[in-house]
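2 protein chains.
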Amino acid sequence: MKKVLITYRLKPEGLKTLEGEYDVTLPTERSYFTKEEVLEMIPDYEVLVPNFSFYTDREIMDRAVKLELISNFGVGFNNIDVDYATKKGIVVTNIPNSTREPTAEFAFALLLAAGRRIGYYDRKLRTPEGVSWGVYAEGGMPVYGKTLGIIGMGRIGQSLARRAVASGMGIIYHNRNRLDKAIEQQYNARYVTFEELLRTADYISLNAPYTPQTHHMIAAEQLNMMKPSAVFINTARGSMVDEKALAKALKESKIWAAGLDVFENEPHILPELLELDNVVLAPHAATRTIEDRINMSIEMTQNIVGFYEGTYSVSRVN
Amino acid sequence: MKKVLITYRLKPEGLKTLEGEYDVTLPTERSYFTKEEVLEMIPDYEVLVPNFSFYTDREIMDRAVKLELISNFGVGFNNIDVDYATKKGIVVTNIPNSTREPTAEFAFALLLAAGRRIGYYDRKLRTPEGVSWGVYAEGGMPVYGKTLGIIGMGRIGQSLARRAVASGMGIIYHNRNRLDKAIEQQYNARYVTFEELLRTADYISLNAPYTPQTHHMIAAEQLNMMKPSAVFINTARGSMVDEKALAKALKESKIWAAGLDVFENEPHILPELLELDNVVLAPHAATRTIEDRINMSIEMTQNIVGFYEGTYSVSRVN
Numbered sequence: 000m001k002k003v004l005i006t007y008r009l010k011p012e013g014l015k016t017l018e019g020e021y022d023v024t025l026p027t028e029r030s031y032f033t034k035e036e037v038l039e040m041i042p043d044y045e046v047l048v049p050n051f052s053f054y055t056d057r058e059i060m061d062r063a064v065k066l067e068l069i070s071n072f073g074v075g076f077n078n079i080d081v082d083y084a085t086k087k088g089i090v091v092t093n094i095p096n097s098t099r100e101p102t103a104e105f106a107f108a109l110l111l112a113a114g115r116r117i118g119y120y121d122r123k124l125r126t127p128e129g130v131s132w133g134v135y136a137e138g139g140m141p142v143y144g145k146t147l148g149i150i151g152m153g154r155i156g157q158s159l160a161r162r163a164v165a166s167g168m169g170i171i172y173h174n175r176n177r178l179d180k181a182i183e184q185q186y187n188a189r190y191v192t193f194e195e196l197l198r199t200a201d202y203i204s205l206n207a208p209y210t211p212q213t214h215h216m217i218a219a220e221q222l223n224m225m226k227p228s229a230v231f232i233n234t235a236r237g238s239m240v241d242e243k244a245l246a247k248a249l250k251e252s253k254i255w256a257a258g259l260d261v262f263e264n265e266p267h268i269l270p271e272l273l274e275l276d277n278v279v280l281a282p283h284a285a286t287r288t289i290e291d292r293i294n295m296s297i298e299m300t301q302n303i304v305g306f307y308e309g310t311y312s313v314s315r316v317n
Numbered sequence: 000m001k002k003v004l005i006t007y008r009l010k011p012e013g014l015k016t017l018e019g020e021y022d023v024t025l026p027t028e029r030s031y032f033t034k035e036e037v038l039e040m041i042p043d044y045e046v047l048v049p050n051f052s053f054y055t056d057r058e059i060m061d062r063a064v065k066l067e068l069i070s071n072f073g074v075g076f077n078n079i080d081v082d083y084a085t086k087k088g089i090v091v092t093n094i095p096n097s098t099r100e101p102t103a104e105f106a107f108a109l110l111l112a113a114g115r116r117i118g119y120y121d122r123k124l125r126t127p128e129g130v131s132w133g134v135y136a137e138g139g140m141p142v143y144g145k146t147l148g149i150i151g152m153g154r155i156g157q158s159l160a161r162r163a164v165a166s167g168m169g170i171i172y173h174n175r176n177r178l179d180k181a182i183e184q185q186y187n188a189r190y191v192t193f194e195e196l197l198r199t200a201d202y203i204s205l206n207a208p209y210t211p212q213t214h215h216m217i218a219a220e221q222l223n224m225m226k227p228s229a230v231f232i233n234t235a236r237g238s239m240v241d242e243k244a245l246a247k248a249l250k251e252s253k254i255w256a257a258g259l260d261v262f263e264n265e266p267h268i269l270p271e272l273l274e275l276d277n278v279v280l281a282p283h284a285a286t287r288t289i290e291d292r293i294n295m296s297i298e299m300t301q302n303i304v305g306f307y308e309g310t311y312s313v314s315r316v317n
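Those protein sequence lines, which keep their order, are chains A and B. The first sequence finishes on residue 317 if you use numbering that gives the first Met the number 0, and the numbering steps up by one all the way, no holes. The second sequence finishes on residue 317 if you use numbering that gives the first Met the number 0, and the numbering steps up by one all the way, no holes.
Isolated chain A (complex conformation):
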């Protein structure tokens, strides 16, 4: 029986696929295992399931003498040294299907909230000064009729585009590879250079994977290219954005607003951002509903069972 080490206490409803056939270890005292605990246990395990915030590095893989599979609980896999896993012959999988719609949904929620000032109104109405109720006072930015620039037009980007089109937005996108014409036509999406996207989009959403190449891809230079009316959304990974430069751009109204679910040093948020009225902040919660977390667990377990038994398709990243 293969031994599976799960670093976070996932709900049993999502782990039924493994029942009886796999020997599963979950944290019981705390909601998660520390790195030290994982280092101690890992030599006995064939499968490791890291939570997206658990960094699976060389040290862990060197101790993991039996490890065959890292079944990541997340779609982004920047928490895993995949190159090293590949060298050691360890397969790495991720969960793109169960995370697709919730993440696009949350990105669009942040987009609407940042544009139409939902977070601002809700906060300010609860303070003694309140918000003006005047016809033009403290108004938002329209979404209908505006252009959404999507950086990274993969599964999540396309699900976001579907929502945006139905909301009256036009779509431009930038991607490593241009999409098939049929997909472009589905969203009436136009492929543009990164710079054209930054210069012309009204709303900009980051939906690309984090890699060393995408580190700080949005920094002062890119923020300066954006319109003063631009709204920037990040539900991908915090390290793709120079957070200090973004806070400065927002503070100086170089761009109009931002909606952020991810940060450079989670769970730490740059204090400057916490002071700004033109940003909507969320605690890496794009897939955080009980139903979605269970669906993610199911997809994660199917990667394990599919890997060993061939009964499910497996989303391999190496």
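Don't take each hint at face value.
Put simply, identical chains are the same to the list, so a pair is met inside one copy or across any two.
Unchecked claim - In the DSBU-like style, the derived pairs of lysine-lysine whose C-alpha atoms are separated by at most 35 Å in a straight line are:
(1) Lys243 <-> Lys123
(2) Lys10 <-> Lys145
(3) Lys253 <-> Lys10
(4) Lys34 <-> Lys123
(5) Lys10 <-> Lys250
(6) Lys15 <-> Lys65
(7) Lys10 <-> Lys86
(8) Lys65 <-> Lys123
(9) Lys123 <-> Lys250
(10) Lys15 <-> Lys145
(11) Lys253 <-> Lys243
(12) Lys123 <-> Lys145
(13) Lys123 <-> Lys253
(14) Lys86 <-> Lys250
(15) Lys226 <-> Lys123
Hints were generated in silico from the structure; no laboratory data involved.
Please build the complex by placing chain B on the supplied structure of chain A, with the hints as guidance.
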């Protein structure tokens, strides 16, 4: 030259249609005229443009000896005694086109924010206690795959349905009159009784006009019929909801959350609501962007010019 009295200081960009041909009076000292000021001026005017929060009652109409047209700056016209206007032979118009998409957009923004806890996260992250970043902690309610119940499936309701369908929601609706099959099919929308809607919808959006018949149509009895997981959205008029009963239902978790843009006694918000974490509050801002307010002004002026010159279609409500 017809004299037009506008009760709120609307931006001149939206009033160009009237230039040269109409004698327009706007407030200059304050952003609005008081009722007393309007009562004093109104005998000289053929046209009155009330803001949606300016109540145009019998007293005003009795003084308005020359009044031919009330061109409302709003789609809802509960601020006007339309029956009395009809008796006096005064035409009343409203602006359904320019308000349609912004209102549906804002309703959907509140729906996503209330379900996915955007307001809550943004507020709590700025406090010393913050928000947990755990996998299951303080999670939201999914939107994708859920059923949206729309009460009042007119223009705004249908624009909301279009967004919801693209976001993976199923649509049920209740209306005074059942819609054409073709429209139902467009949104895959199912007509249900009011009670079935309340009992089965995951998200419920109020998009009906306020009339004496719809006063407090959502009260304790209706809230009790809703699922404990229900999310209630109101971008229509506050008086359609018993605000005290709603606050109680939210406080006792009889329903899961609410998103409110309108209130019974605007700009006053029930203090109990301001204390609740499971409500997202906005200051009657569904159409509050500069672009949308200008578009509303243009539609309002076209009602005036259309009424006198026949050059635009006129949206009459009596």
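Status of the hints after comparison with the structure:
1. Lys243 <-> Lys123: Classified as both; 25 Å inside a copy, 21 Å across copies.
2. Lys10 <-> Lys145: between (41 Å within a copy, 22 Å between copies)
3. Lys253 <-> Lys10: Close across copies (25 Å), not inside one copy (44 Å); limit 35 Å.
4. Lys34 <-> Lys123: Between. Shortest inter-copy distance 29 Å satisfies the 35 Å Cα cut-off; intra-copy 41 Å does not.
5. Lys10 <-> Lys250: between (41 Å within a copy, 27 Å between copies)
6. Lys15 <-> Lys65: within (24 Å within a copy, 77 Å between copies)
7. Lys10 <-> Lys86: within (32 Å within a copy, 66 Å between copies)
8. Lys65 <-> Lys123: neither (55 Å within a copy, 43 Å between copies)
9. Lys123 <-> Lys250: Cα proximity of Lys123 and Lys250: in one copy and across copies (18 Å, 21 Å).
10. Lys15 <-> Lys145: between (45 Å within a copy, 24 Å between copies)
11. Lys253 <-> Lys243: within (13 Å within a copy, 42 Å between copies)
12. Lys123 <-> Lys145: both (26 Å within a copy, 30 Å between copies)
13. Lys123 <-> Lys253: both (23 Å within a copy, 26 Å between copies)
14. Lys86 <-> Lys250: For Lys86 and Lys250, neither the intra-copy (45 Å) nor the inter-copy (55 Å) Cα distance is at most 35 Å.
15. Lys226 <-> Lys123: Answer is both: 26 Å inside a copy and 30 Å across each meet the 35 Å cutoff.
Comparing the model with each numbered hint stated earlier shows that hints 8 and 14 do not hold.
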